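Undergrad: Read top to bottom, the protein sequences are chains A and B. Okay, so the first sequence: first residue is 1 according to this note's numbering, each after it adds one. Okay, so the second sequence: first residue is 1 according to this note's numbering, each after it adds one.
Hints in this document: simulated from the structure, not taken from any laboratory. Among the clues, some could well be false.
Partial list, computed: chain A residues near chain B (C-beta under 8 Å) [stated by the list, open to error]: (1) 51; (2) 130; (3) 185; (4) 193; (5) 197; (6) 232; (7) 236; (8) 260; (9) 262; (10) 265.
Okay, derived cross-link-like pairs now, BS3-like style, lysine-lysine, Cα gap no bigger than 27 Å in a straight line [said to hold, decoys possible]: (11) 20/A to 135/A; (12) 100/A to 20/B; (13) 127/A to 127/B; (14) 127/B to 100/B; (15) 100/B to 127/A; (16) 100/A to 135/B; (17) 100/B to 20/B; (18) 4/A to 20/A.
Stretch by stretch, here's where chain A covers chain B in the computed footprint (C-beta under 8 Å, at least three residues) [stated by the list, open to error]: (19) 130 to 140; (20) 191 to 198; (21) 267 to 279.
A quick note: this is a predicted structure, and the numbers were derived from the prediction, not measured. Built from N, CA and C at the ideal position, the CB exists for glycine as well.
Each chain, letter by letter, is given below.
Number of protein chains: 2
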Amino acid sequence: MFPKPYLIFVGDVPYSTATKTALGVRRWAPQDCVGQWRLSRDAVDLELPDFDARAAAAAGARSLLLGIAPIGGQLPTAWIPYCIEALEHGLDLVNGLHVKLADIPEIADAARRLGRSLHDVRYNRQKFAVATGRKRTGMRLLTVGTDCAQGKKYTALALTQALRARGVAADFRATGQTGVMISGSGIVLDTVVADFVAGAAETLSPDAADDHWDVIEGQGAIFHPAYAGVTLSLLHGSQPDALVLCHDPTQREIGHYPGFALRSLRETMQMYRSLARVTNPRAQFVGISLNTCRLSDEMARRQCQNLAAEHGLPCFDPLRFDSREVVDRVLALVNACVLTD
Amino acid sequence: MFPKPYLIFVGDVPYSTATKTALGVRRWAPQDCVGQWRLSRDAVDLELPDFDARAAAAAGARSLLLGIAPIGGQLPTAWIPYCIEALEHGLDLVNGLHVKLADIPEIADAARRLGRSLHDVRYNRQKFAVATGRKRTGMRLLTVGTDCAQGKKYTALALTQALRARGVAADFRATGQTGVMISGSGIVLDTVVADFVAGAAETLSPDAADDHWDVIEGQGAIFHPAYAGVTLSLLHGSQPDALVLCHDPTQREIGHYPGFALRSLRETMQMYRSLARVTNPRAQFVGISLNTCRLSDEMARRQCQNLAAEHGLPCFDPLRFDSREVVDRVLALVNACVLTD
């Protein structure tokens with residue numbers, strides 16, 4: 001979808017949640033990153049060669065990736081010349097910011113003049129059909145959460161890698177802008193008109209071989225007061241065979257929604273399972289993925305053990321512990337399907 | 001929102017589901033209809049004076065309402081001159097078709113030249129914020145369904161009328177194009193970008209007096225494989241105190257989705273209640289509204305009695321039986337809130 005490899009623009013933004021897209025692309029698609037473009041010593045260091053547009057183009061870069069979130073989501077005026085410089089050196093722009101580069105006249109004009117493309121990842125112009133509910137071939141895993149930002153994307157990426165490491169044909173299916181920038185394809189679901197979100201989710205994981213896995217990045221949370229609708233449409237359109245619940249064990253309330261207490265993992269899984277079975281009666285949980293970044297190693301391990309025992313499911317942190325048991329469960333599902341079909 | 005009253009265009013379309021918007025506006029907003037414009041004897045008769053654009057303008061009409069659905073949703077070329085004729089006689093166009101009149105050059109040009117507005121009801125350009133989850137003042141009733149097209153709009157309209165007849169301040173809140181054309185305001189929810197649907201639903205029923213009721217038109221169904229996401233966003237954003245379940249007792253499967261069996265009313269209500277309580281812990285069912293158009297009077301009455309006994313809720317058909325008991329329950333909720341607050 002986007003010309004790769006990328007030169008990653010970090011500007012002068014220090015390490016923070018504002019740099020998470022850049023860090024995500026660096027971490028999960030290292031083969032697609034030729035360098036970083038830093039404008040200050042304080043800027044986050046992605047541990048990539050430091051290039052400007054000219055040097056990156058010489059090193060083979062085909063796009064400048066804007067993976068930092070400036071405050072307010074607007075593009076600082078000072079960054080416009082760097083964007084134009086990249087276009088002049090033959091790079092496309094891959095933009096994950098809220099601002100649309102196509103709406104910035106200097107950049108739009110330069111792109112037109114130079115025959116380059118502006119990929120505004122958050123602005124989807126693709127049209128989707130209404131969901132059909134038709135069961136597709138192949139196997140699907142969807143990560144779901146107790147809230148937003150619980151590790152759904154990283155869990156899906158880690159499980160895709162782990163499946164591939166076991167020789168299984170597996171594809172990561174991105175549903176948010178960072179995921180789309182990491183994988184170079186996917187659908188930014190939250191930009192789709194409401195009636196077509198389940199249909200878009202159907203398009204995202206098409207018919208595949210019986211033992212092929214699509215590992216789909218979840219969005220939102222089913223008890224989230226603002227985003228549950230997107231979560232449900234994705235759940236229905238994905239028709240997952242396997243679900244993995246993502247959770248931060250230190251969290252008590254929905255982020256930014258004080259007073260909205262998280263439900264128990266049991267209630268949350270029950271709700272997901274019951275709604276998922278509308279489009280796939282076989283939907284079941286195969287694991288729990290904990291985001292333990294706020295816990296010590298010892299605490300994290302104990303939490304995983306406790307939850308595993310409580311729910312009878314493997315429990316892991318994809319950035320800390322191995323996912324072997326979850327992958328075992330996933331693979332067992334394929335055999336179960338083959339046996340009962 | 002739209003200039004009223006309307007001249008309703010029915011063209012040459014005979015009575016059918018294609019004429020339901022025209023019939024709905026005629027039935028629920030008779031005070032807003034000055035006449036009908038029929039091009040053929042076979043066209044549906046709304047029992048309004050037969051006018052062309054000139055005669056309607058003389059009788060006070062301010063808009064031509066396109067409330068028929070031509071096959072495929074496109075505007076037949078033969079209708080374009082009638083649209084232009086209406087513009088020439090000083091009428092706006094209120095259009096519920098899938099086609100956008102603003103995209104038809106002859107019509108767009110004429111509107112510009114004559115200074116008239118084209119209200120393409122299905123194309124919402126309003127921007128909404130992400131839902132806040134903040135509890136609003138006032139009371140809210142939402143109609144929900146076992147499927148699409150079970151009477152959610154008519155039930156909401158009938159209950160609004162019944163509440164007003166009892167001297168209660170009540171507003172119908174439209175969420176679909178027919179509802180918007182009937183009430184002259186509202187939000188066509190299924191055209192809103194997914195992330196903002198719950199936010200749009202919050203906007204739709206703003207803070208109000210403690211004993212004021214917003215009666216909100218539901219959309220889709222919570223077990224619908226394509227539209228459940230919209231249903232859930234509307235449920236969360238509406239934060240209803242009262243829910244009314246709409247159902248066609250002769251239906252066994254989701255319409256146009258063979259193999260997707262309807263769930264029991266009990267399971268359906270349980271799911272709605274449990275999800276509604278995310279944003280309003282007081283949410284409860286106050287009645288069941290049956291669409292009994294396929295049943296005899298005797299059968300309809302028996303069905304209502306049986307379901308009322310089974311679920312301990314008043315059960316009625318808003319087009320056939322009175323809604324007194326449901327309204328009693330609705331009004332009792334206000335007292336309950338005042339007592340516990």
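Undergrad: Work down the list of hints and note, for each, if the structure agrees.
TA: So, going through the hints one by one against the coordinates:
no.	hint	result
1	51	violated (35 Å)
2	130	holds (5 Å)
3	185	violated (19 Å)
4	193	holds (6 Å)
5	197	holds (5 Å)
6	232	holds (5 Å)
7	236	holds (5 Å)
8	260	holds (6 Å)
9	262	violated (11 Å)
10	265	violated (16 Å)
11	20/A to 135/A	violated (35 Å)
12	100/A to 20/B	violated (40 Å)
13	127/A to 127/B	holds (20 Å)
14	127/B to 100/B	holds (19 Å)
15	100/B to 127/A	holds (16 Å)
16	100/A to 135/B	violated (34 Å)
17	100/B to 20/B	holds (19 Å)
18	4/A to 20/A	holds (19 Å)
19	130 to 140	holds (count 4)
20	191 to 198	holds (count 7)
21	267 to 279	holds (count 5)
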